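Enquirer: Chain order of the listed sequences is Z and R. When you line the first sequence up against the working numbering, it's residues 270 to 645, in that order. When you line the second sequence up against the working numbering, it's residues 111 to 382, in that order.
Hints are computed from structural coordinates only; laboratory data are not their basis. In this text the structure is predicted, and so the values were computed from the model without any measurement. Don't take each hint at face value.
[To be verified] Which stretches of chain Z does chain R cover? Using the computed rule of at least three CB atoms under 8 Å from a CB of chain R, they are:
| # | stretch |
| --- | --- |
| 1 | 299 to 311 |
| 2 | 341 to 355 |
| 3 | 363 to 371 |
| 4 | 583 to 594 |
| 5 | 608 to 615 |
[What the hints assert, rightly or not] Listed below are several chain R residues computed to face chain Z (Cβ distance under 8 Å; list not exhaustive):
| # | residue |
| --- | --- |
| 6 | 224 |
| 7 | 251 |
| 8 | 253 |
In this text, a Cβ means the ideal position worked out from N, Cα and C, and glycines have one as well.
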Amino acid sequence: MLAQVNHDDERSMVQCRTDNDGSVRIKILGSWDIRAVRECPRELLERLRSVGKPEARWDLTQIKDIDAAGGALIWQAWNRTRPRNLLLRPEDAWVLDNLAALPPELPADSTDARTRVDVLRSLLDMLGATVDIIALLGAVALESVALLRSPRDIPGREITATVYRSGAQAIAISGFVGFLIGIVLSYLSGEQLRDIGAESYVVNLTGFAVLRELGPLLAAILNAGRSGSAMTAQIGLMRVTGELEAISVLGISPVRRLVVPKAIGQLVALPLVVVWTDLTGIVGAMLGARLQLAIAFRDFLHGLVRLVPLSNVWFGLGKGALFGLLVALISCHFGFGIRPDTESLSAGTTRAVVTALTAVLLVDAVLAIVFSHLGM
Amino acid sequence: MTAPVITAEGIWTAFDGVVVHKDLHLEVHRGEALAIIGSSGSGKTTLLKEMLGLINPCGGTLRVLDADMSALTAARRKEWATRCGVVFQGGALFSALSVFDNVALPVREARWWPEEFLPDLVLVTLRTTGIDVKDARKLPAELSGGMVKRVALARALVLKPELVFMDEPTAGLDPEQRLAVVRLISNLKRVFKLTVVMVTHDVDALIALADRVAVLAEQHIIVAAPLAEVVRLEHPFVQHFFEGQTDRCARPPLRVETRPLLEIPSGTMRSS
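Same shape as in the complex, but just chain Z (with noise of 0.2 Å):
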């Protein structure tokens, strides 16, 4: 009996051969490499299988050429063991001699158990970043007050350059968008206005959501998505690169020398992108009242003055520093938490934006609600 897989004398083989004796002779001949065997492993197994019997006389020493993935199929065949009768070259028993010595329990697929979804996991992993986060603020707040004490340390670079990268950076970016969002609102709510005959109270309408909410909230939006993010990749490309270890080995505190200036640089700037966008704003919110109800600029900005307190001015001032210093906390945190691969660097900062958001959301409730019931 002779049957072969494949018709090129340089395929992979195999001939069977069943003697006068009974005695079953199975030659492997061809390339068994994986150039050879790739194109139909399934078959070559199923063929293997159908002519191997224990009892059987197994000769591969006429193989030209094998490597890792026909012996695997040879071994699989075998029921992974070696058979009794073998003849195989002393060049080709590495392959079968590392067969041989993996372990019955191969690793499984590690993807797997990675991408698994936890809820309650995340939960304790939120509480837990909540604890590390104020942690956090501990620590800025406890070098803060060191630098103070030796002011001739205070990283007077780093903070300004957060300064240059938080606001001066995102002057384009936080006017066109608190521009724009001043127009939609006085437009819109313009048109509602109208048709009650309320229309001077467009004027109170987007002085306050302006000033009070929407300049601090777009500004920290947008803050956390720029800034948040770079602080974020930053720190964690320094764990990659090793700088993180270089900093501590040279006995500099990566509090004091990454997270201080940033939370500073953080609470200087935001006000100040804050009075920016309350300015565009503003501006925007004119046009509008101008476009849609023929309101003039100069009786806008009277009324502005008359109706809208200056104290949401300062309570979005306010309001702008406390969401600097929580997204650079947030962002500080979450870079001090990746792990030197580059899914980790993608998962971290995405996971810091979100997380940002969601804060400077969540206060910027808390706040609304509780200031409203003191009545201010």
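Go by the hints and put chain R onto chain Z.
Expert: Relative to chain Z, chain R alone:
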């Protein structure tokens, strides 16, 4: 003699007006190990990247494995890529994937092997480069420098390529690990019948592995010859590179022991 695996004819390369290669000629023959040496900034890595098709030279023709590198289409490139493996200097392992998945990646990408047979293939390949099965689930960040090189070698070899590029295969390893990796590469070259092109600064690796040494200086290959010939060359770079080691290099190449890493038993044919 069969056609060369790599032919570089009149390669010119320039970046921002700085000429890196000027009329560079080089041939790599099947089955040989060619080492490229040259001072820092002489354009060794650039040449390697050109051979891999990552950079296109400004002029000249470069043929690698019967493919003209400047005319390699995306579809052709995929097939071409299965025929050569690369061991990058830092390993370039995918940091988010385990050791197992790193080595499995080329196989899965080429769709060459059914998933159910994959563990045997990957784990045996890992064992041939000296990585134990119990380390297969580790992430690259958890490995030592020597292990990273070994995993990178396994990933480069898993598709059984004809040609392997290595950028500084022994850089950053301690002497013991370096010797072990040199031995490993020498064994793998023999067992897998590889053609090896490597960039290296390591004289030990040159002595043990390189059949020929190509010296890249003055923007071109000034010589490509067996080590014993190269060391006799009257050239400032060559004299400096082999300073104090010329005697060692002039001797016939030291044959590396074959047994320790690949468990290839010598002696009688197995039969019973």
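Enquirer: Now look at each hint and say whether the structure bears it out.
Expert: The hints, checked one at a time:
With 6 residues having a beta carbon nearer than 8 Å to a beta carbon of chain R, the stretch 299 to 311 of chain Z meets the requirement of three or more and the stated coverage holds. Counting residues of the stretch 341 to 355 of chain Z whose beta carbon lies closer than 8 Å to any beta carbon of chain R gives 7, which reaches the threshold of three, so the coverage claim holds. By the rule of at least three residues with a Cβ nearer than 8 Å to a Cβ of chain R, the coverage given for the stretch 363 to 371 of chain Z holds, with 7 such residues. Judged by the Cβ-Cβ criterion of 8 Å, the stretch 583 to 594 of chain Z is not covered by chain R as claimed, because only 0 of its residues qualify and three are needed.
Given a C-beta distance limit of less than 8 Å, the hint that chain R covers the stretch 608 to 615 of chain Z holds, as 6 residues qualify and 3 suffice. Annotation: interface hint on residue 224 of chain R holds; nearest CB of chain Z at approximately 6 Å, less than 8 Å. With a least beta-carbon distance of about 5 Å to chain Z, the hint placing residue 251 of chain R at the interface is held under the 8 Å criterion. Interface restraint check: residue 253 of chain R against chain Z, minimum CB-CB distance 12 Å, threshold 8 Å, status violated.
Hint check: violations occur at hints 4 and 8; the rest are consistent with the structure.
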